[in-house]
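Here the protein sequences line up with chains A and B, keeping their order. Counting from 175, one number per residue, gives the positions in the first sequence under this note's numbering. Counting from -13, one number per residue, gives the positions in the second sequence under this note's numbering.
Some hints here could point you the wrong way.
[Claimed, not checked] Distance ranges between label pairs, derived from CB positions: (1) L219(A) with R(-5)(B): 14 to 24 angstroms; (2) Q66(B) with G227(A): 41 to 51 angstroms; (3) Q66(B) with T236(A): 40 to 50 angstroms; (4) M26(B) with P182(A): 15 to 25 angstroms; (5) E4(B) with T236(A): 38 to 48 angstroms.
[As the list claims (entries may be wrong)] Short derived list, chain A residues pointing at chain B, Cβ under 8 angstroms: (6) E215; (7) G216; (8) P217; (9) F262; (10) F276; (11) G279.
Think of the hints as simulated: they come from the structure by calculation, not from any bench. For each residue, glycine too, the CB sits at the ideal point set by N, CA and C.
Here is how the chains run, residue by residue.
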Amino acid sequence: GQQLNQSPQSMFIQEGEDVSMNCTSSSIFNTWLWYKQDPGEGPVLLIALYKAGELTSNGRLTAQFGITRKDSFLNISASIPSDVGIYFCAGQPPGGADGLTFGKGTHLIIQP
Amino acid sequence: DAGVIQSPRHEVTEMGQEVTLRCKPISGHDYLFWYRQTMMRGLELLIYFNNNVPIDDSGMPEDRFSAKMPNASFSTLKIQPSEPRDSAVYFCASSLRLIRTDTQYFGPGTRLTVL
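Using the sequences and the hints given, assemble the complete structure.
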């Protein structure tokens, strides 16, 4: 099946810094989603992208659906301590019959 | 809305025992998904239902795993017999319409440990 390559695997940053992470696939996706998971909880949807080239913001978060439909990125501006967690990209292939395929996650750690 | 509800939150059992995980989707949602999360493999889709009917169970690891959805508000994932390699966090998620990929809402998960 499809695989999503998410990078970086982990990030150690200072509070206030901007963060950028991305996800690539060898095949096209119709939908890209970005989730955040806190310890002991399920993933929570941050941003959903449905159209190639789409750029969407949610507060300090901005995500884009790549023109080739094979990639997406997530940016977090001016990071704060509560941004700590694991960020997952997820995609749905054409046809929408396969549920979601998830990346392995980017572990964000913020040093005060 | 209460969100997706899963029980138990933690389960510790011995190898060979039967394990049953439970899920209550968000009311009105017509899709229900079971995922498994491990450090090695990340989040993997096991099976999903539409209107209580299993649509794709190709992600179910082997015959020891089975899932049912007897009605729109309840689903179970059963492992019989359980093995140590089944230790993982199992998530249930629900959504309203798969075609447009309306958001999948995840439950808090069940952390399963098989000794």
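Taking the hints in turn, this is what the structure says about them:
Distance hint check: the CB atoms of L219(A) and R(-5)(B) are about 21 angstroms apart, consistent with the given range 14 to 24 angstroms. Distance hint check: the CB atoms of Q66(B) and G227(A) are about 48 angstroms apart, consistent with the given range 41 to 51 angstroms. A C-beta distance of roughly 46 angstroms is found between Q66(B) and T236(A), which places it inside the suggested range of 40 to 50 angstroms. A hinted range of 15 to 25 angstroms holds for the C-beta pair M26(B) and P182(A), which are about 18 angstroms apart.
Between E4(B) and T236(A), the C-beta spacing of about 47 angstroms keeps the proposed range 38 to 48 angstroms intact. With its C-beta approaching chain B no nearer than about 6 angstroms, E215(A) sits inside the 8 angstroms limit, and its interface hint holds. Among the interface hints, the one on G216(A) holds; its C-beta lies about 3 angstroms from the nearest C-beta in chain B, closer than the 8 angstroms criterion. Evaluation of the P217(A) hint against chain B yields a held restraint, the C-beta minimum of about 5 angstroms falling below 8 angstroms.
Annotation: F262(A) was flagged as interfacial toward chain B, and the flag holds, the nearest CB pair being 7 angstroms apart, inside 8 angstroms. A hinted interface residue such as F276(A) counts as satisfied when its beta carbon comes closer than 8 angstroms to some beta carbon of chain B; here the least separation is about 4 angstroms, so the hint holds. For G279(A), the interface hint holds, since its Cβ comes within 8 angstroms of a Cβ in chain B; the closest pair sits about 7 angstroms apart.
Against the hints set out earlier in the document, no violation occurs for any number.
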